[in-house]
Structures are given as structure tokens and as C-alpha cells.
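Residue numbers for the sequence shown, in this note's numbering: 2 to 234.
The hints are simulated quantities; they were obtained by calculation from the structure and are not laboratory data.
Just so you know, not all the hints are guaranteed correct.
Stated by the list, open to error - Computed list of lysine-lysine pairs in DSS-like fashion (alpha-carbon distance at most 30 Å, straight line):
1) K7 - K114
2) K165 - K85
3) K7 - K165
4) K71 - K7
5) K227 - K85
6) K227 - K71
7) K71 - K85
8) K79 - K227
9) K7 - K227
10) K85 - K7
11) K165 - K114
12) K227 - K114
13) K7 - K79
Said to hold, decoys possible - The following label-pair restraints were derived from C-beta to C-beta distances:
14) E118 - L175: 37 to 47 Å
15) S185 - F76: 32 to 42 Å
16) L181 - V33: 33 to 43 Å
17) T51 - I23: 16 to 26 Å
These numbers were taken from a predicted model, which means no experiment stands behind them.
Built from N, CA and C at the ideal position, the CB exists for glycine as well.
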Amino acid sequence: MSRQLKGLLYFFITDIRYSLLIFWTILLSILVVSLAFAYFLTDVENGMMTFSLTVPMYIYCGILGFLTVKESIPFSIKMGATRKSVFVSLGIFFLAISLFMGTAASILQEVVKVFAEMTGVDTFSFLHLAYFVDNTWYTRILIDTSVMFFFLAFMFVVGLLFFKYGLAGGGSFLGVLVVLLLISIAKGWIVDFFINLFSDIDLAFFYQMLGLGLVVYCVSFIFLRKITTVKVK
Numbered sequence: 002m003s004r005q006l007k008g009l010l011y012f013f014i015t016d017i018r019y020s021l022l023i024f025w026t027i028l029l030s031i032l033v034v035s036l037a038f039a040y041f042l043t044d045v046e047n048g049m050m051t052f053s054l055t056v057p058m059y060i061y062c063g064i065l066g067f068l069t070v071k072e073s074i075p076f077s078i079k080m081g082a083t084r085k086s087v088f089v090s091l092g093i094f095f096l097a098i099s100l101f102m103g104t105a106a107s108i109l110q111e112v113v114k115v116f117a118e119m120t121g122v123d124t125f126s127f128l129h130l131a132y133f134v135d136n137t138w139y140t141r142i143l144i145d146t147s148v149m150f151f152f153l154a155f156m157f158v159v160g161l162l163f164f165k166y167g168l169a170g171g172g173s174f175l176g177v178l179v180v181l182l183l184i185s186i187a188k189g190w191i192v193d194f195f196i197n198l199f200s201d202i203d204l205a206f207f208y209q210m211l212g213l214g215l216v217v218y219c220v221s222f223i224f225l226r227k228i229t230t231v232k233v234k
């Protein structure tokens, strides 16, 4: 099993390398353009440029979790990997990629902050959930790792539902979620939830989110343990 885990982790890393390179290239390009705009805004009264590194990362991880089912699982099983090995290796991979992305974003934010101070650009700032708690490099890494792992795990389960039960099964699941969301919006529950959340948020919430992500990922084994290489349409 140890050799399988190493082989699977190597496959997952090499498989994601190209898309990860494209993602970071686009994100860094947008960051450079945003910094350039911020520089020109230094002569504008009340001019300010804000940028979020993390929102694109959250979206990327959600897409990655969904596509992993279609692109990686059938190939792994065809190569002789057991379902248990795939489950364990993907869990390690999801945690590793979340931690890597969170750490890279935090370091990059610190580098840009120092660069902005050296060049006198005070019209640029980052948007981050850490501002609601304690904006340090540790809290940013913890928050981003928790959120990204949750998105990876949740969208992985959604991908498994579509893969195993086809459009009807996956669509029904998403349909129920949409109905529940609309009811929550209509009743005002979702608004109250976010108001209460951000008015009294602390790091414990993100530890809980990480724990919830682990629970969601463990649930995925129910669908993964008897999965085949044939996708249901």
C-alpha cells in the first residue's frame, strides 16, 4: 500500500502541475496589473485598489475537487490501485495542495506588502477573511487551508455523485441544495447566519470548518469504495 500511495501522490502532483502553473501565471499577472493601477492611483484623492488572492484559489480548488473524480480516479483504478489507496492518497493530496496554496498566498501577500511600502504605494490592499479575526501570516494560512480543503472535499463528493449516479443523481442533489438555499434566503435565515457569523467570528470557526471538511471527505468513501471506471450518464 505504501508504494501505491507514493505512486498515486506522484501521479496527482504531476497531473495538476500544468493547470497549477497556468492558474498562478494568470493570478500573478492580474496582481501585477492591479499594483500598476494602484501606483497611478497614488495621485488620486481617496483612490484605492483592492485585490483578493484567495477567492480565485477557493474557486480553483472547488473545480479541482470536482474534476479529480473524472480525470484521476478511473486512471488510478485501471492502473491497479485499490479504492482505499485512492481514498487515502487523495485525502493527503487535498490537504497538501490546500496547505501549499494557503502558504504561497500568505508569503506572496507579505512580499507585496513590503514592496508597496518600499515604493510608497499606499493605495493597494488585499481582501482576506483574516481581517475579521487577526491578520497574521499564521491565521491567513489556517483560514485558507480550511476553506480550500472544505471546497475540495465538498466538490469531490459532488463529482462522485455525478460520476456514480449520472446527471439525474448529481442534479437532484444540487437541486435540493438550491431549494434549501432559496428557502433560507426567503426566510432570512442565510442573512442572519452571515450577520451573526461575521459579527462574532474567531479562529475556532475555521478549525471547525477544517474538521467539517474532513468529515465530508470521509463520507466520500461511501461512494468511492465500490466505484468503477465507467461513468454513468
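Status of each hint after checking the structure:
no., hint, result
1, K7 - K114, "violated (38 Å)"
2, K165 - K85, "holds (17 Å)"
3, K7 - K165, "holds (26 Å)"
4, K71 - K7, "holds (21 Å)"
5, K227 - K85, "holds (10 Å)"
6, K227 - K71, "holds (15 Å)"
7, K71 - K85, "holds (17 Å)"
8, K79 - K227, "holds (14 Å)"
9, K7 - K227, "holds (22 Å)"
10, K85 - K7, "holds (14 Å)"
11, K165 - K114, "violated (46 Å)"
12, K227 - K114, "violated (49 Å)"
13, K7 - K79, "holds (17 Å)"
14, E118 - L175: 37 to 47 Å, "holds (45 Å)"
15, S185 - F76: 32 to 42 Å, "holds (39 Å)"
16, L181 - V33: 33 to 43 Å, "holds (41 Å)"
17, T51 - I23: 16 to 26 Å, "holds (24 Å)"
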